[in-house]
Amino acid sequence: MANISQKYAQALYDVAEEQNLTNDILNELDQITISVKDQISDLRSIDSNPKLAKDERQQFVEKVFKGVSKPLLNTLFLLANNNKLSLIPEIYEDYRNIYNQVHSQDLMKVESVYPLSNEELDEIGKAFIKRTGLKKLILENQVNDALIGGIRVSIGTKVYDGSIQNDLNQLSKSFQQMK
Numbered sequence: 447m448a449n450i451s452q453k454y455a456q457a458l459y460d461v462a463e464e465q466n467l468t469n470d471i472l473n474e475l476d477q478i479t480i481s482v483k484d485q486i487s488d489l490r491s492i493d494s495n496p497k498l499a500k501d502e503r504q505q506f507v508e509k510v511f512k513g514v515s516k517p518l519l520n521t522l523f524l525l526a527n528n529n530k531l532s533l534i535p536e537i538y539e540d541y542r543n544i545y546n547q548v549h550s551q552d553l554m555k556v557e558s559v560y561p562l563s564n565e566e567l568d569e570i571g572k573a574f575i576k577r578t579g580l581k582k583l584i585l586e587n588q589v590n591d592a593l594i595g596g597i598r599v600s601i602g603t604k605v606y607d608g609s610i611q612n613d614l615n616q617l618s619k620s621f622q623q624m625k
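Quick note, the sequence shown lines up with residues 447 to 625 if you use this note's numbering.
To be clear, the hints were calculated from the coordinates, so they are not data collected in a lab. From a predicted model like this one, the values you see are computed outputs, not experimental measurements.
Keeping only pairs whose Cα atoms sit at most 25 Å apart, straight-line, the calculated PhoX-like set for lysine-lysine is:
#: 1; residue 1: Lys572; residue 2: Lys582
#: 2; residue 1: Lys576; residue 2: Lys604
#: 3; residue 1: Lys453; residue 2: Lys530
#: 4; residue 1: Lys576; residue 2: Lys555
#: 5; residue 1: Lys582; residue 2: Lys604
#: 6; residue 1: Lys512; residue 2: Lys530
#: 7; residue 1: Lys497; residue 2: Lys509
#: 8; residue 1: Lys497; residue 2: Lys512
#: 9; residue 1: Lys581; residue 2: Lys604
Using C-beta positions, here's what the derived DEER-type ranges look like:
#: 10; residue 1: Phe506; residue 2: Asp613; range: 46 to 54 Å
#: 11; residue 1: Gly596; residue 2: Ile575; range: 16 to 24 Å
#: 12; residue 1: Asp484; residue 2: Lys572; range: 31 to 39 Å
#: 13; residue 1: Lys453; residue 2: Tyr560; range: 41 to 49 Å
#: 14; residue 1: Lys619; residue 2: Gly595; range: 18 to 26 Å
#: 15; residue 1: Asp613; residue 2: Tyr560; range: 13 to 21 Å
#: 16; residue 1: Leu553; residue 2: Asn615; range: 24 to 32 Å
#: 17; residue 1: Lys625; residue 2: Glu569; range: 35 to 43 Å
#: 18; residue 1: Gln588; residue 2: Ser481; range: 21 to 29 Å
#: 19; residue 1: Phe506; residue 2: Arg577; range: 40 to 48 Å
Beta carbons: idealized from backbone N, C-alpha and C, even for Gly.
Based on the provided sequences and hints, a complete structural model is requested.
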């Protein structure tokens, strides 16, 4: 069964799709999530405050999220009225997952010992587009000294580990099984 944030994300996506705003709302949600990331405890306080009246919650949403598209604003009103504003980051993740699935794309995190050039990332991305069958991969490079060498690629819930650290771990497991 879908969790609460998935239900809100799907409803928002459906409305956004009807109004041809899926990409705009994805970008707005991204910006909102970045801005509220450090204020989740404040949003939880608002969610759990029984003294805040419905109109005060709506005024808060209008003031803080001024300028967002109407479907997103209405969703934020619903979240405020249902004491769920602290779910904004989860709703963004679920919305992005729906968007990526519909557009046959996904986020690809490439971990490496040193920062990769755009050309290196593009080559890795092309190889994984062929491997996954996706139309597009959104590439992100993260430096991870623990890998020793090689790369580790994460796409959705799948991990492709071509790091030296992984090779050493596998070798260690083999030796332990031989005992």
